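K.L.:
If you want the building blocks of each chain, they are given just below.
Protein chains: 4
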Amino acid sequence: MAVPEVGIGIVGYGMMGRAHSYGYTVAPVMRRLGHRPRLRVISGRDERKVAEAAAAYGIDSWAGDWREVVSRPDVEIVDICTPPGTHAEIAAAAAAEGKAVICEKPLAVTYSQAASALRAVERAGVLNAVGFNYRRLPAVSLMKRMIDEGAVGEVRLLRATWLSDEFVDPAIPFDWRFDRAMGGTTIADLGSHLIDMATWMAGPIAEVSGQSETFVRERSDRPVTVDDASAALVRFDSGARGVLEMARVAVRRPCDFTIEVNGSQGTLVFAYARLNELLYGDGSDRAELYGMRRIRAEHPSHPYARDWWPIGQGVGYGASFVNHLGDLLERWPDGPWEPDFVQGATVQAVCEAIERSATERRWVEVAEVTASDTAATK
Amino acid sequence: MAVPEVGIGIVGYGMMGRAHSYGYTVAPVMRRLGHRPRLRVISGRDERKVAEAAAAYGIDSWAGDWREVVSRPDVEIVDICTPPGTHAEIAAAAAAEGKAVICEKPLAVTYSQAASALRAVERAGVLNAVGFNYRRLPAVSLMKRMIDEGAVGEVRLLRATWLSDEFVDPAIPFDWRFDRAMGGTTIADLGSHLIDMATWMAGPIAEVSGQSETFVRERSDRPVTVDDASAALVRFDSGARGVLEMARVAVRRPCDFTIEVNGSQGTLVFAYARLNELLYGDGSDRAELYGMRRIRAEHPSHPYARDWWPIGQGVGYGASFVNHLGDLLERWPDGPWEPDFVQGATVQAVCEAIERSATERRWVEVAEVTASDTAATK
Amino acid sequence: MAVPEVGIGIVGYGMMGRAHSYGYTVAPVMRRLGHRPRLRVISGRDERKVAEAAAAYGIDSWAGDWREVVSRPDVEIVDICTPPGTHAEIAAAAAAEGKAVICEKPLAVTYSQAASALRAVERAGVLNAVGFNYRRLPAVSLMKRMIDEGAVGEVRLLRATWLSDEFVDPAIPFDWRFDRAMGGTTIADLGSHLIDMATWMAGPIAEVSGQSETFVRERSDRPVTVDDASAALVRFDSGARGVLEMARVAVRRPCDFTIEVNGSQGTLVFAYARLNELLYGDGSDRAELYGMRRIRAEHPSHPYARDWWPIGQGVGYGASFVNHLGDLLERWPDGPWEPDFVQGATVQAVCEAIERSATERRWVEVAEVTASDTAATK
Amino acid sequence: MAVPEVGIGIVGYGMMGRAHSYGYTVAPVMRRLGHRPRLRVISGRDERKVAEAAAAYGIDSWAGDWREVVSRPDVEIVDICTPPGTHAEIAAAAAAEGKAVICEKPLAVTYSQAASALRAVERAGVLNAVGFNYRRLPAVSLMKRMIDEGAVGEVRLLRATWLSDEFVDPAIPFDWRFDRAMGGTTIADLGSHLIDMATWMAGPIAEVSGQSETFVRERSDRPVTVDDASAALVRFDSGARGVLEMARVAVRRPCDFTIEVNGSQGTLVFAYARLNELLYGDGSDRAELYGMRRIRAEHPSHPYARDWWPIGQGVGYGASFVNHLGDLLERWPDGPWEPDFVQGATVQAVCEAIERSATERRWVEVAEVTASDTAATK
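Protein chains in written order, with the numbering used here: chain W, 12 to 389; chain Z, 12 to 389; chain F, 12 to 389; chain S, 12 to 389.
Bear in mind the hints are in silico, worked out from the structure with no lab data behind them. One or more hints might be untrue.
Within a straight-line C-alpha distance of at most 20 Å, the following computed DMTMM-like cross-link-like pairs (lysine to aspartate or glutamate) qualify [to be verified]:
| id | chain 1 | residue 1 | chain 2 | residue 2 |
| --- | --- | --- | --- | --- |
| 1 | W | LYS155 | W | GLU299 |
| 2 | F | LYS155 | F | GLU299 |
| 3 | Z | LYS155 | S | GLU79 |
| 4 | Z | LYS60 | Z | ASP180 |
| 5 | S | LYS60 | W | GLU299 |
| 6 | Z | LYS155 | Z | ASP318 |
| 7 | F | LYS60 | Z | ASP318 |
| 8 | F | LYS155 | F | ASP248 |
| 9 | S | LYS155 | S | ASP318 |
| 10 | F | LYS155 | F | GLU165 |
| 11 | W | LYS155 | F | GLU349 |
| 12 | Z | LYS60 | F | ASP318 |
| 13 | W | LYS60 | S | ASP318 |
| 14 | Z | LYS155 | Z | ASP248 |
| 15 | F | LYS155 | F | ASP318 |
| 16 | Z | LYS60 | Z | ASP76 |
| 17 | W | LYS155 | W | GLU165 |
| 18 | W | LYS155 | W | ASP180 |
| 19 | F | LYS155 | F | GLU349 |
| 20 | Z | LYS155 | Z | GLU165 |
| 21 | F | LYS155 | W | GLU299 |
| 22 | S | LYS155 | S | GLU79 |
| 23 | S | LYS155 | Z | ASP76 |
| 24 | S | LYS155 | S | ASP186 |
As the structure is a computational prediction, the values presented were derived from the model and not from experiment.
Isolated chain W, as found in the complex (with noise of 0.2 Å):
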């Protein structure tokens, strides 16, 4: 009955480091995994505050640099929950001490960064994930089976759009968050799960037209380098077409995502507000009962469900981690992982391609990812 464990190294201690420390803490609770996690270490440079995450997460020591975690013999995953423009470093430093790599997403804040990160864990021959949780919430999952299973017929149309008004306020100070090179775009913080969720549930993109906009243009007196909203319109390689929005300027909401897919025979669509729901429009459904079905995806027939709550108790924004890193335990140590740094890095070139298409204001066809790849655009 002894479970053997698998030894973990977060690098990070912000929300994310919490986020995934709650998830790694419950998962062996809500369902049966071969391997249990071992939180290790966790690192962050901010000494003080470091070691008080890593009492308060449980967590069996500290390290005040990410190269400790990374080269501890004892760590077998490294679980990267930095601001994106490290991610990349950190995960092909990771790679080439052969640990398994879990990367928050965006993968990176460049195409090229992040395929140099997909090409040092394909070069290392490691497990290698990234954190597009929202794909493991239960409705999202279950969406995503009823597409697969044929409930819309062939997709058609999608639209997704994430509103946060975190930017809202001019006041609030420069950080990493406003600077290109480190935070990242809206494209990408918000975007990147929007494109992950568009791309798994119909397909690749095949090209963008993109727009971009920063109107709090700066901060403490420094130039604001990342776009406050973009959108774009996109072409799946099926020919369904699909448009994307996202913002950090929508005052009063408060970070809530949309999905909606139009198929051939049918409507999903998914409001983050209530997550633990899915519409369901079902063309074929008897006429005089017109309209869309609520399903409360908690049954036990559902993804994810029989891990959690009796149907219409209701998960929250917490159950994304445990059911992802629980999946990714569960795989230990054979795999496969999904999604994976292809994904990751194919995220990141519809990111770029709206950004270049944004700036050069014209159609922009995304590249096919492969491991040798670097070219994200054309």
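Could you slot chains Z, F and S onto chain W? The hints should help.
P.N.:
Chains Z, F and S in isolation, oriented as in the chain W frame:
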């Protein structure tokens, strides 16, 4: 106490003819008007049906040819409710007879037609209006008023979506709606309302990048020459950004639209499915009440509220016609009427810019509309 | 093609007089009727106001005394829109003149009055109807039809709530609404609709246990003699159980009601705030689609749908009057009309049983109503 | 930095044992606690299953008999997660051993049992708490806080409903839930939460009038001795009035509850289906903003918000346990703990009053609970 009459002639007895008849019938019951509409004549090509319609709608007489309507001396206002491809010709003929003209949207199926209709009414010096009735929903009017009063600060983002399933079924036989020359595009059919509201609320649109797709390309062995679904990125003159989407192939989406504006100080959201309500997120609200108000747009202080029912009871689609036609009758015969053909042509210019952009795969500027202008895009 | 007219006389020019005028005006436009209503006369005590109302509503003439209305030879239907305390007397007088009677709800302010009105119309053998207009909302009619067709199986539970803020402000001066003898109780004002719908859907109510409270006990230094809020437990003859609640002191509740039925096989929920929709939970639905459908109650197969607008557009409060009066006119002059005074008196019997139960603090049986019956409770 | 531990023993490994294990596991990760819970032992009669549960939940050991748990020296807190009929005996035994006791709701299946459990903990002088976890949902806690701060003025009306479909299927075989002596009533199972929240928010309940029904009267050829559905009218000591309803036979109602309070100045509405939100109608709000705010109950100023995620992300059912157990651990070992057994017995007194009222068909007063009191109703 005797209210003078104004003679109305309606061209077309279909759904729009019916909705306008409803509007003329109800307006004088719900509000005090300086002139009572007298429905003199309705025309249509199927004589049995138009005779039935005249009887049902309480119209004095009927005609088989619209030319009879526009030339009758007792008709002072010609109200055009026919398919879009016929609007411009009828409008020009009515104007030439010195009649005021109310024309259903879209004003035409091309910008060139729209501009010619505009020139005709301007030359004749007659009052003119386009049937952008959704403006006159109480909650939409309230939204406009609140924006004008500064409730959201400076408008930054606008998104609007109109989803219908009208064209989902591939077995629907070919008719004029699928014919570019007669029915016009989905951009014009659904999108013209969105463009009207967007420009009303956020000012002129400077340029667009659009995409269009036709998923069911043949019906009754004839090629479908209109789009099933389109979308556009939009830049307003003010620097605000927008996203518009319109589709007639969204299963179990029964013709609802939504429009949201995010400004520097607040957010307003209208969703047709709850048409008596308006969501308002006020950025200056106390933080511990973080969220949006669901305003019941029926308070006596709200637009049109005193014309209708006690708060909480709500109006439906028909009220938009009553309010629109009531506003026009109230300003008879001196005007001004709005939205007028200038706005109708302006909207058409945007529709055409989106259509051209989708075809040419580039951003397209929207030309400024003036009476003598004929180029919608450059 | 000439449709014969039927002469209508309306007693009362207030909100209900206006709503009924709207109904008579619109009904013939929206549906084919055998008789076209001709509004002959409207009465009211304020001669200036009633004259204005007659002009606005397109009514041929006006009178200062309701007795003129009931005695006019050209009036075939008397429609009573006055305060509840006057209904029974006017109805009896109209019946005595051989007029058909349409009476706003509640039929009276006591069961005894209601029974006497019932006796009067039965003695005179005239058609009679009570203004339970909410039944005629398309979604409420659909709910009734689905229950009858077995969509929920055997009805077990019913709950209905009506919340308004009409009486919240203690500064509202005393008027007839606060006077038990003229305006009747909150039970009768709001609850009578709920009781009508409840008994229509689930059959007769056998007994009740009620509670009532008046929170603002004086207005303009006069005692308020009606309840602000009441509620009742209900046992139906069938064995089903119900809960009814009605209140006029619920802040920011703008007069919405909800009604839900849980049967052995399904659930139906109507909420007035989304009056064009009906929620349906079908117990035999596939488990993996667990949840409720939000039926858009405007499909051509739904009640009244063909009289109105394309699906998705929706109707408002006014449609309930159009549909109700349209149904009555359609059956003129042979009938039957429903709901009639028997139902009006039955509802009154339940109201009185709740009122008595609240006073006497015990369960009270509801008496069966017959034409000769006068005892509402035993 | 070393946090002292407190030894926990859990009795029962079912859904509640799991939920509490989750709570103990997560609480120290999400908030700073003076004592870290150490799960020493879990008990249950099925040794294989309890052993598995111990392994899954990270509990040091397991036992086949609850008596082992209550007598272990290293257990300081006994947490009772067994069927209701067993609570009182286990609680008394734990108290007698000097253990603090956390007991799942309802505290017992009769008031007499509840009172005896209360006497036991009071005699022993041990900390005691009842698992009314829903109080600890952030939005419910915010609702209570806002009421206390005067956001609704004087509470006048309260309504709460809990609908589940747990008992709909007549083919579910008989088990302890259908046995009055072991599982208790629907009143106690679902209603006890409502009564707890109602009395927390609006003060003591003075008297009740109830009704109960069992629709499926036999299962597995055994008589069902609990109600399927019940409801009660309620008078609070303050003069406020309430309506409570609870049912386990509402098809496609997945265990949601709603609670609404209408006061002299405002309205608050919580609906579990949107558990991170709270509707607030403020009577002093500007009239032209008439409506309710949908407060996102995750602002840093809100209860528990700082323990969880950034605004907009939301928590689920599990958070109620984390927050509840976290609060208890935070106050270890000095207390006070709340809600305690006095509240547990008070709620039981109301449950029993409703049950008696339904049987005896009369209003029943709720007895005041004191440590030495045994009569729930008089």
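K.L.:
Hint check: W:LYS60 vs S:ASP318, CA-CA at most 20 Å. Holds or violated?
P.N.:
Satisfied, since the Cα-Cα distance of roughly 16 Å is no more than 20 Å.
K.L.:
Is W:LYS155 within 20 Å of W:GLU165, Cα to Cα?
P.N.:
holds, 13 Å
K.L.:
Checking one constraint from the list: CA of F:LYS155 to CA of F:ASP318, max 20 Å. Satisfied?
P.N.:
OK: F:LYS155 and F:ASP318 at ~19 Å, within 20 Å.
K.L.:
So if I understand the rule, the pair passes when the alpha-carbon distance is 20 Å or less; does S:LYS155 with S:GLU79 pass?
P.N.:
violated, 39 Å
K.L.:
Regarding the pair F:LYS155 and F:GLU349, is the alpha-carbon distance no greater than 20 Å?
P.N.:
holds, 14 Å
K.L.:
Under the criterion that the straight-line Cα-Cα distance not exceed 20 Å, is the pair W:LYS155, W:ASP180 satisfied?
P.N.:
Between W:LYS155 and W:ASP180 the Cα gap is close to 36 Å, so the pair fails against 20 Å, i.e. violated.
K.L.:
Is the straight-line distance between the alpha-carbon of Z:LYS155 and that of Z:ASP318 20 Å or less?
P.N.:
holds, 19 Å
K.L.:
Against the 20 Å threshold, does the CA-CA distance of W:LYS155 and F:GLU349 hold or violate the hint?
P.N.:
Given that 20 Å is the threshold and the Cα spacing comes to 50 Å, the pair is violated.
K.L.:
Given the hint that S:LYS155 pairs with Z:ASP76, test it: the Cα-Cα distance must not exceed 20 Å.
P.N.:
Answer violated: S:LYS155 to Z:ASP76 is near 69 Å, above 20 Å.
K.L.:
Take the C-alpha atoms of Z:LYS60 and Z:ASP180, compute the straight-line distance between them, and say whether it is at most 20 Å.
P.N.:
violated, 27 Å
K.L.:
CA of Z:LYS155 to CA of S:GLU79, is that 20 Å or under?
P.N.:
violated, 70 Å
K.L.:
Compare the distance between the alpha carbons of W:LYS155 and W:GLU299 with 20 Å, and conclude whether the hinted pair is satisfied.
P.N.:
Since the Cα atoms of W:LYS155 and W:GLU299 sit roughly 27 Å apart, the hinted pair is violated (cutoff 20 Å).
The structure shown violates the earlier hints numbered 1, 2, 3, 4, 5, 11, 18, 22, 23 and 24.
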